[in-house]
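J.: If you count the sequence shown from 1, position 243 lands on 246 in the working numbering, and the numbers rise without skipping.
Simulated from the structure, these hints should not be mistaken for lab results. Certain hints may be false.
[Claimed, not checked] Below, computed lysine-lysine pairings styled on PhoX-like, alpha-carbon distance capped at 25 angstroms:
id, residue 1, residue 2
1, Lys7, Lys30
2, Lys30, Lys100
3, Lys7, Lys100
4, Lys76, Lys7
5, Lys76, Lys45
6, Lys30, Lys45
[Stated by the list, open to error] Simulated DEER-style distance windows between Cβ atoms:
id, residue 1, residue 2, range
7, Ala135, Gly20, 23 to 31 angstroms
8, Lys418, Asp117, 45 to 53 angstroms
9, Arg10, Leu202, 28 to 36 angstroms
10, Glu92, Arg290, 43 to 51 angstroms
11, Asp206, Glu392, 39 to 47 angstroms
12, Ala274, Glu392, 23 to 31 angstroms
13, Pro191, Gly50, 12 to 20 angstroms
Here a beta-carbon is modelled for each residue, glycine too, at the ideal position from N, C-alpha and C.
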Amino acid sequence: MVIKNHRLRRQLDLAFGMLDALEPDLKPGVDFAACIQAEIRKVRGAGSRDRRFYREIVYTWLRYREWIDPFRKADLQIAAVLLVYLAGETRESLPAKAELPHPLRDSVRASGVDAASLLTSFIPDTRFAIEALVPDWLPREFPVGADNTPHTLDRPPIWIRTAQDRVDETRASLEALGIDVSAQSDIPGALSVPADTNLEGTDAFRAGCFEIQDIGSQAILHQVNPTGGEHWFDACAGAGGKSLQLAGRVGGSGHVTATDTRSSALKRLRARARKAGHGNLIILEPRNAEAADMLYDGVLVDAPCSGSGTWRRRPFLRHQTNLDVIRQYARMQQRILTRSAGRVRPGGRLVYVTCSLCRTENEEVIVAFLERHNDFQPEPIPNRLNLTEIAPGRFLILPERLNGDAFYLATLRRK
4 MVIKNHRLRR QLDLAFGMLD ALEPDLKPGV DFAACIQAEI RKVRGAGSRD RRFYREIVYT
64 WLRYREWIDP FRKADLQIAA VLLVYLAGET RESLPAKAEL PHPLRDSVRA SGVDAASLLT
124 SFIPDTRFAI EALVPDWLPR EFPVGADNTP HTLDRPPIWI RTAQDRVDET RASLEALGID
184 VSAQSDIPGA LSVPADTNLE GTDAFRAGCF EIQDIGSQAI LHQVNPTGGE HWFDACAGAG
244 GKSLQLAGRV GGSGHVTATD TRSSALKRLR ARARKAGHGN LIILEPRNAE AADMLYDGVL
304 VDAPCSGSGT WRRRPFLRHQ TNLDVIRQYA RMQQRILTRS AGRVRPGGRL VYVTCSLCRT
364 ENEEVIVAFL ERHNDFQPEP IPNRLNLTEI APGRFLILPE RLNGDAFYLA TLRRK
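With these hints in hand, go ahead and build the complete structure from the sequences.
T.: See the structure below:
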């Protein structure tokens, strides 16, 4: 099994060099996305399409590393075939797929269990086990009902959030550019586009018609359902996707105060807030937030986490995560949740969110918090989006439900 196209073979040779250079950095605490960008920038004469192709190849390796690496050592020609076959079907990868040897060239690209079966039948004396793509610790950490593997292997679409009165305008603007746009019927204003779409270069984005925000992230506030006039504190705002969404939901008679430990994230949030025109969003540096003593109707803790719910978009995290990393995050989450609880007024709500599916970061954090804080209790809320409810007021947003990232959500009420 060989690829005969000389240009493609040269590109794949370069890609294998990138993998060799990147592999030592695939460890906890490293900004691996930045490492990938830096490595791709080193390729002289690479145009934008070439760079996107290299990125897709690197991300395919990250998704299927345990299948590909044995051939990187034993047979680079087969490793090259696997990388091209398993790559997502993007504008850059489709021409490469046309160069695959028969019979892979003529088969429909598969992923997960289907790919394992197909490749095992095509490549003699090799078993492509789906279990090999699962970390040893994962079955214990992932909750019952969460699919351990297939959802991590395909990149989800890009999701955007639009104001309901701009949905038609936004959709028409994107479709005029030849972009396929789909709507999510359960969440008004949620639209998806293919994963390789460059949205930031569109007029609609520059005009502020939409925010790029994963569907799972959007679903959080639809489930929590904050109401107009409420005052909320966003303790871990990051670049502010949920802060902006929250400001829109509480309206002009309410307000949102947002902070984060990273000044760079707050700088981005300020720019996004100006563009979105949210005058009811107050952004505080951490030092100023600590000094504020106001109590709020709701406090949102979108806690730093291992990111196991985002492996579809960031597959390098699967290789950078272990039980020690998860436990370190859980200790941090406990501290943040305890500190934030003091900002909730009596009768107000404390909302805990992670983009992780790990029990240690989710249920165990909440159970431990409730044991130490008897002034809080679980808050049952309607299951508006038909999510997986694992206890009263505690939900999983699974990739197979909304075709986005995975999240954990817990709602608590202060007595």
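J.: Cβ-Cβ distance between Lys418 and Asp117: within 45 to 53 angstroms?
T.: holds, 51 angstroms
J.: State, for the Cβ atoms of Glu92 and Arg290, whether the hinted interval 43 to 51 angstroms holds or is violated.
T.: holds, 48 angstroms
J.: Has the hinted range 23 to 31 angstroms been met by the Cβ atoms of Ala135 and Gly20?
T.: Holds: the Cβ-Cβ distance is about 25 angstroms, inside 23 to 31 angstroms.
J.: Check the hint pairing Lys7 with Lys100 against an upper bound of 25 angstroms on the C-alpha distance.
T.: The given pair, whose Cα atoms are some 12 angstroms apart, holds under the 25 angstroms limit.
J.: For the pair supplied as a hint, Lys30 and Lys100, is the alpha-carbon distance within the 25 angstroms limit?
T.: Given that 25 angstroms is the threshold and the Cα spacing comes to 31 angstroms, the pair is violated.
J.: Is it true that the CA of Lys7 sits at most 25 angstroms from the CA of Lys30?
T.: At roughly 35 angstroms apart (the allowed maximum being 25 angstroms), Lys30 and Lys7 break the hint.
J.: Has the hinted range 12 to 20 angstroms been met by the Cβ atoms of Pro191 and Gly50?
T.: violated, 39 angstroms
J.: Measure nothing beyond the straight line between the CA atoms of Lys76 and Lys7; if it is 25 angstroms or shorter, mark the hint as holding.
T.: With a Cα-Cα distance of about 20 angstroms, the restraint between Lys76 and Lys7 holds, given a limit of 25 angstroms.
J.: Does the Cβ pair Asp206, Glu392 satisfy 39 to 47 angstroms?
T.: Given range 39 to 47 angstroms: holds, Cβ gap about 41 angstroms.
J.: Are the Cα positions of Lys76 and Lys45 separated by 25 angstroms at most?
T.: holds, 24 angstroms
J.: Please work out if Lys30 and Lys45 have their alpha carbons no farther apart than 25 angstroms.
T.: Given that 25 angstroms is the threshold and the Cα spacing comes to 22 angstroms, the pair holds.
J.: Quick check on a hinted range of 23 to 31 angstroms for Ala274 and Glu392, using CB atoms only.
T.: Once the Cβ atoms are compared, 37 angstroms apart, the range 23 to 31 angstroms for Glu392 and Ala274 is violated.
Hint compliance for this structure: hints 1, 2, 12, 13 are not met, and every other hint is.
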